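K.L.:
Chains as they are written, first to last, in numbering that gives the first Met the number 0: chain S, 0 to 453; chain P, 0 to 504.
Note that these hints are calculated values from the structure, not bench results. Computed from a prediction, not measured in an experiment: that's the story for all the values here. Every residue, glycine too, gets a C-beta built ideally from N, C-alpha and C.
Within a straight-line C-alpha distance of at most 27 Å, the following computed BS3-like cross-link-like pairs (lysine-lysine) qualify:
#1 Lys-414(S) x Lys-417(P)
#2 Lys-75(S) x Lys-412(P)
#3 Lys-309(P) x Lys-85(P)
#4 Lys-412(P) x Lys-430(S)
#5 Lys-369(S) x Lys-124(P)
#6 Lys-412(P) x Lys-414(S)
#7 Lys-10(S) x Lys-417(P)
#8 Lys-70(S) x Lys-38(S)
#9 Lys-70(S) x Lys-129(P)
#10 Lys-158(S) x Lys-10(S)
#11 Lys-78(P) x Lys-67(P)
#12 Lys-192(S) x Lys-209(P)
#13 Lys-417(P) x Lys-158(S)
#14 Lys-129(P) x Lys-370(S)
So, partial list: chain S residues that the calculated Cβ filter (under 7 Å) puts toward chain P:
#15 Ile-225
#16 Thr-380
#17 His-392
#18 Ser-397
#19 Pro-399
#20 Tyr-441
#21 Pro-442
#22 Pro-443
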Amino acid sequence: MNHEQVVQRAKEAFLSGRTRPVEFRLQQLHALQRMITEKETEICTALKQDINRSQYDTPLLELIGIENEIKLAIDKLAEWAAPRSVERNLLTLRDEVYIQPEPLGVVLIIGAWNYPWAVTLQPLVGAIAAGNAAVVKPSELSEYSSLLLRALLPRYLDKDLYPVVTGGVSETQELLRLRFDHVFYTGSSSVGKVVMEAAARHLTPVTLELGGKSPCYIDKDCDVRIACRRITWGKFVNCGQTCIAPDYILCEPCIQGRVVECIRQTLLEFYGADPKCSPDYGRIINQRHFNRIMGLMEGYTPVVGGQSDSSQRYIAPTVLKDVPPQSRLMQEEIFGPLLPIVTVSDMDDAINFINEREKPLALYIFCTDKKAVKKMIEETTSGGVTVNDVMMHYTVSSLPFGGVGQSGMGRYHGKHTFDQLSHQRACLVRKLAMESVNLARYPPQDHKGYNLLM
Amino acid sequence: MCIGRLFHNLGAATEKTLSPLSFSEDSGGNGVWSGSMDSHSEVVERLRSAFRSGVTVPEQFRRTQLMKLMSMLKENEEKFVVALHKDLAKPRFEALLSELDIVTNDLHHTISNLSSWMQPEYVEKNLATKFDDCFVQRQPLGVVLIIGTWNYPLQLLILPMVGAIAAGNCVILKPSEVSTATDSLIAELVPKYLHQDCFAVISGGAEETKALLKHRFDHIFYTGSQNVARSILQAASVHLTPVTLELGGKCPCFIYGQVNILYAARRLVWAKFFNAGQSCVAPDYVLCSTAIRDAILPAIRQALEEFYGKEPQKCPDYSRIVSPQHWTRLMEMLGKTSGKVVIGGESNQEEKYIAPTVVVDVAEDDVLMGEEIFGPILPILTVESLEQGISFITSREKPLALYTFSDDSSAVKTVMEKTSSGGFCSNDSIIHMSLPSLPFGGVGASGFGCYHGRFGFETFSHRRACMLRGWALERINSLRYPPYSDERLGWLRWTTSPKFSCSIM
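Let the sequences and hints guide you as you build the complete structure.
P.N.:
Next comes the structure, spelled out in structure tokens:
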């Protein structure tokens, strides 16, 4: 069956109306939950083959998150899908006035390779909860996961409503020529532009979860030891291939040495003397990205790490100091285990540095001075912020997760996914009675009639 | 820091504006600024610098600008009424109600609520983040572009601007060149009332708009047609600019079952012929049974006579078509229809007048059922059952609004549940959009995004997720660090089990 037929079948399945009842959606969500629980081992194996993900990282980084999203949706679905009453005015006091969330239709979900299960299934949870059909297109770079998803999903979910389409660039382009009611894309900004442009032809709204360089500012007066431990964890998990990983560090020259030492120490604690032998340290997804990341380091001598092994696509956790702002390292999102440190003269300098660049997906601030933290939050912008830690704002489902500017548009997680993939329909239910009140708005008009209305 | 940047940009602007803005006068003797892409750059840069300086962010600034906008509307009420009459022969009543008051109401609503909307929104936390501050901070996006249209030239440009200012942005207004008198007035007044570095009006036609769209904005708000919307979205995708599209479509009006024919007719006629049918939410066509059609035709005639008298052309409460082109478009439709004109049909080219017109025996593929009518022509199509009506509606693109007239509330509910539309109103029309507590926007071909009241504020804001953690509890954090072990994972899974409804880590 070609893509057009797959999408058409999903559309017809949607139009049949079977996703409307909340019971149906709950049933699908329960089935998805079962899939995650029953197939955890297979999923871990696939991820090990794709990206050398350790057996602990997978539940930690992907499965627990998905499970919690499913549980929340199951728990709250009836509430989310119910009409939401709004304030009435004098003219509508006796009417029913509310916002009714409705499904959009067929949603296209395009996943990414770095957390292939989380970034395809979390949006899918919201799509199902909101009553949509969804075509799922996982990334071909995480090949094993992609093929496993294609095998598993139809065994648990409605085959017509939630088909999985695999393939590479040309298959994705072919899909994007078709008409969807929403396109949900996770990936790079450059492909995000292509997705938005393709969707534009059909006037299709999009959610773009993109990336960028997420800055991490370390104030000289904070607990550098703890800060560096938290940063090290966030930076090197999944071998740096996380959209909200701290991309680079900004700090004053006086603590740079200390930062380097604390990171070195933490790396030893986490991965031992030779991270290559640690079962908990990942690999780069493919040769192209390996070469790209190695290229970024050219001309610089790291102070920590720097070793690599092309045959394994291994790059050691690497730190570089005194990195010039105009270096290649500072031009594109690293998306790998290289951590540059750029020095700034003070917090104001750091704020300027951040504001001169594109709006990032995340901003990290390590600082004990509450007033200074407030100032930095107010004088910068980013998709999200975590203070005194990294990445954690992602884990609270009541917080909207998404970018701004080049880091993306739209948001999700928890109820936000439901709302993002719904149409909020304004409803006014009147009766034909009380016509006398309406008389004031009809012509013929004179001064008296108008004042009566006002 | 900020001042330096301002001077730098001013310097750059001087070099660029060798082919500067041109100032001309329109037929009304009003000054109009228009210009080339270079001059657009100067305006966009000036607003960007102002935004970077942080001047629009404080609540006081936003409040002051909103109050000044209010003054601009109140102090120039008569001028606006005159301009709107020049453009559309808009009756004074309509101008006051649907252009000025709807905006000032939203302004009142926004000014009263601005403080609370700007507050950080604290959210529900989980066990792992129990001691953290988790909240959503609303932030301005930057420099936003609002493109207006001609049918409600004041409302559709200024009402979105209310939300944009409230959210702390700088705004460029691009009024429609078709409603020339109103647009010139806006171009003249905005710089007199609002901060000139933060708010600007750029006039011009299609070419100007195309040139303007090459610049980068932080949000584009467009009201208009689908074709133009496509090019705007494509231009926006180059910069990854988020967009709000307020489009149109054919809004069906389904009259079913038991219904008070006289009241339904009155409400239908009011909504349809307001602004001579040139409203994106006007009922475009009627669907009803043959019996209802036969009953409602005399009621429509009666309502028309009550509203506009025996000669609507002489009635000051009846508008005109905005331009000769649109008049011709409508007359051509009327000429090509295979239906029968049973009410109205008279016209006058010089005056751009078309009488309130009703056409029956209209087939599904009639010319009147092609594009959005956007004029005072009301086709009535017959369907003999609820299902047939619903199926007719759902076989077409999702409209901006859907209307149902019926005393049967379960029928109304069925129609609502089995269809989709931007908004829905039963037993009346249009007025659902006058409530600031309801979002106003389309779905599918009728657009995406919404505004009015708080929704405008949210549309022009970035909702930034913020988490402020402490330094303590590092032991709990350690559960997530390598070297991994079954024991640590076990603890983590336990703390994130459903019993605690806790999130990962």
